[in-house]
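Peer 1: Please put together the full structure from these sequences, using the hints given.
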Amino acid sequence: EVQLVESGGGLVQPGGSLRLSCAASGFTFSTYWMHWVRQAPGQGLVWVSRINSDGSSTSYADSVKGRFTISRDNAKNTLYLQMNSLGGEDTAVYYCARGGDIAFDYWGQGTLVTVSS
Amino acid sequence: QSALTQPASVSGSPGQSITISCTGTSSDVGGYNYVSWCQQHPGKAPRLMIHDVSNRPSGVSNRFSGSKSGNTASLTISGLQAEDEADYYCSSYTSSSTWVFGGGTKLTVL
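From first to last, the protein sequence lines stand for chains A and B. Each step along the first sequence adds one to the number in our numbering, with nothing skipped, and position 68 is 68. Each step along the second sequence adds one to the number in our numbering, with nothing skipped, and position 8 is 8.
By construction, these hints were calculated from the structure, which means they are not laboratory data. None of the values given here were measured: they were computed from a predicted structure. Careful, some of the hints might be misleading.
[As the list claims (entries may be wrong)] Once the Cα atoms are required to be at most 20 Å apart in a straight line, the calculated EDC-like pairs of lysine to aspartate or glutamate come out as:
1) B/K68 x A/E1
2) B/K68 x B/D52
3) A/K65 x A/E89
4) B/K44 x B/D87
5) A/K76 x A/D54
6) B/K106 x B/E85
7) B/K44 x A/E1
8) B/K106 x B/D87
9) B/K44 x A/D105
Peer 2: If you want it as C-alpha cells, here you go:
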C-alpha cells in the first residue's frame with residue numbers, strides 16, 4: 001500500500017525557516033518524481049515544487065522560487081522541503097504527492113505550517 | 001503561472017449529470033494532454049480521479065469521465081450520488097515545466 005506521511009509543520013515566526021519531510025513507503029520511491037502542493041486555509045490547491053527521481057532536476061512556483069528548496073534522500077525514502085524567509089502568505093497545509101507518469105496519483109495527509117508572530 | 005479557471009460552484013440532483021470546466025491557455029491545458037482532476041472532501045487529502053485528460057485510475061467509478069477541447073478541459077460526473085459532493089480541482093502541466101491547479105469547484109448534490 002502506498003503511503004506518504006508528512007511531518008515538520010508547526011508555528012514559525014515571519015522571516016523564519018522550517019523543513020518539511022515526507023516519508024514514503026509501499027512503492028519504489030527512487031523511481032518516482034515527487035511534488036509539494038499547498039492549500040491555504042479555506043483556499044484551493046497550489047502547486048509548489050517538484051523533483052525528479054534522482055534529485056537532479058527541480059522546478060518551483062514563482063511564489064516560492066529562491067526561498068524554498070526541494071530535495072530527497074532515496075536511501076531514506078524521504079522527500080524534503082526547506083522553507084526560508086517565510087511570510088504569512090506561506091501559511092497552509094502542505095501535501096506531498098507522488099508524480100511521474102501519472103501526476104498526483106497518491107497524496108499524504110498534509111502538515112500544517114502557520115507563519116505568525 | 002495564473003491558476004486555471006473553474007466555476008466556483010456547480011450543483012445537481014441525485015442521478016443527474018454535471019460537467020465542470022477548466023480553462024487554461026495554449027501553454028498549459030491546450031498544449032499538453034497532462035490534465036488531471038482531483039476530488040477533495042472537507043478536511044481530507046485530495047484524491048486523483050482523472051489523469052492525462054481522460055484516464056481513470058484503478059478504483060475510480062466509471063461515472064467519472066474527462067475530456068478536452070482546445071484550451072478547456074472538462075470533468076463529467078454522471079449518475080450523481082451524495083458521496084460525490086466535494087471540491088474538485090483540475091491541474092495541468094505547463095510549458096515552464098511546472099504544474100498549475102484550477103481555483104476549485106464546489107459540487108453540491110441537492
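Peer 1: Does each hint fit the structure? Answer for all of them.
Peer 2: Going through the hints against the structure:
With a CA separation close to 32 Å, the supplied pair B/K68 and A/E1 exceeds the 20 Å bound. For the proposed pair B/K68 and B/D52, the alpha carbon gap of about 10 Å is at most 20 Å, so the pair holds. Of the pairs offered as hints, the one joining A/K65 and A/E89 holds, with about 14 Å between alpha carbons and a cut-off of 20 Å not exceeded. In summary, the hint linking B/K44 to B/D87 is supported, as the alpha carbons are separated by about 11 Å, within the 20 Å threshold.
Annotation: proposed proximity of A/K76 to A/D54 holds, straight-line Cα distance about 13 Å (limit 20 Å). The straight-line distance between the Cα atoms of B/K106 and B/E85 is roughly 8 Å, inside the 20 Å bound, and the hint therefore holds. Distance check on the hinted pair: B/K44 and A/E1 sit about 18 Å apart at the alpha-carbon level, within 20 Å; holds. Restraint check for B/K106 and B/D87: satisfied, since their Cα atoms lie roughly 4 Å apart, inside the 20 Å limit.
Between B/K44 and A/D105 the CA atoms are separated by roughly 15 Å; this keeps the pair inside 20 Å, and the hint holds.
Hint 1 from the list above is the single one not met by this structure.
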